[in-house]
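Produce the complete structure using the sequences and hints provided.
Note that my numbering has the sequence shown beginning at 12, numbered continuously upward.
The calculated lysine-lysine pairs, modelled on DSS-like cross-linking and capped at a C-alpha distance of 25 Å, are: (1) K213 / K256; (2) K76 / K273; (3) K170 / K202; (4) K76 / K61; (5) K61 / K273; (6) K354 / K213; (7) K273 / K56; (8) K213 / K224; (9) K202 / K213; (10) K170 / K224; (11) K170 / K354; (12) K273 / K100.
Derived Cβ-Cβ restraints for the label pairs, each shown as a range: (13) T305 / A209: 39 to 47 Å; (14) K273 / E313: 34 to 42 Å; (15) A347 / D59: 48 to 56 Å; (16) P248 / G101: 43 to 51 Å; (17) D59 / K211: 49 to 57 Å; (18) G101 / G35: 22 to 30 Å; (19) G152 / K273: 47 to 55 Å.
Read the hints as simulated data drawn from the structure, not as lab findings.
We put the CB at the ideal spot given by N, CA and C, even for glycine.
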Amino acid sequence: MHIMKLALPVAALLATSTAAFAAGELNIYNWGNYTNPELIEKFEKAYDIKVTVTDYDSNTTALTKIEAGGHGFDIVVPTGNYVPIYVEKGLLLESRPDQMENFKNVAERWRDVPWDPGRHYTAPWQWGTTGVAVNTAVYSGDINTSAIFLDPPEELVGKVNVVPEMTDIINMTIFYVGGEACTTDKDVLRKVRDTLVAAKPKWLSMDYGTTDKLSNGEYPATVNWNGSTFRARGNNPTVAYGYPKEGYPLWMDAVAILADAKNVENARLFQNFIMEPENAALISAFARYANGITGSAEFMPEEMRGAPEIDPPAELAEAGQFLPTCPPAARDLYTAIWTELQK
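Written out as structure tokens, the structure reads:
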């Protein structure tokens, strides 16, 4: 495992970070359509650092590319339950965000998380939910159910998109058939496989790009993330977000520095930078997710306060749960189901 302690000169740098202390470049590997250009421009001007952002479409894509090496990235933004996998494989630097100046702004709930105890590796980026999005002009029934994609109502047959994010889809289906996250129960997983295989012919596609395609009506329904749905509703007011009552994932994406990063100090500056409330608000204002930084709300767009995609109905709030990092045996079983689904 590659581990580097935060040396005193670096701690001093972070405590007094100004443009005079930094220059050069920073290469960020992040989810597509997820990084506010204004945030990047502000960071570049503050530190005289040229930032390049490269997009990926799934946790699996990112992990595979990072693990292969030779990628040239300094920062990656995995979902929380993938962080222990990165750490276990020796792919992350122990950059100690918990010792950085702006860590004082991290909300109490996000300071000591199961996927990164004590925040030794990651700084918060954004958090949210995975649910379903439906164009209510096409379907006006109950949308707070995973039946939208697992047993589509007649109005939505052949019109449902499913984002190809394996962990979310498999676990939502596990919840739907009455199982628990990370289960290895063969009977439950047989139901999961059968349910997905039976549902797939009723889908339109398995694809990303949901924000634009929800907005223009190309996707009447899709498994989707809350912030993406919020953005789509801004373009098309008939779009609504559903919280499956059978259970739905909560998640947090987090900024980590790669063990083979070439621009380590610039990457540390970025971790510290995004824990500043005004900068965290820029992240959320663009992608429309909550961020985990205390004091950022006052800098947020007014329409984000109390938005239905941000605050679930009280009766459905308890159905959301953070997905744990599943053991290898479970991951192997899920991958086998997922591979069969792609055929």
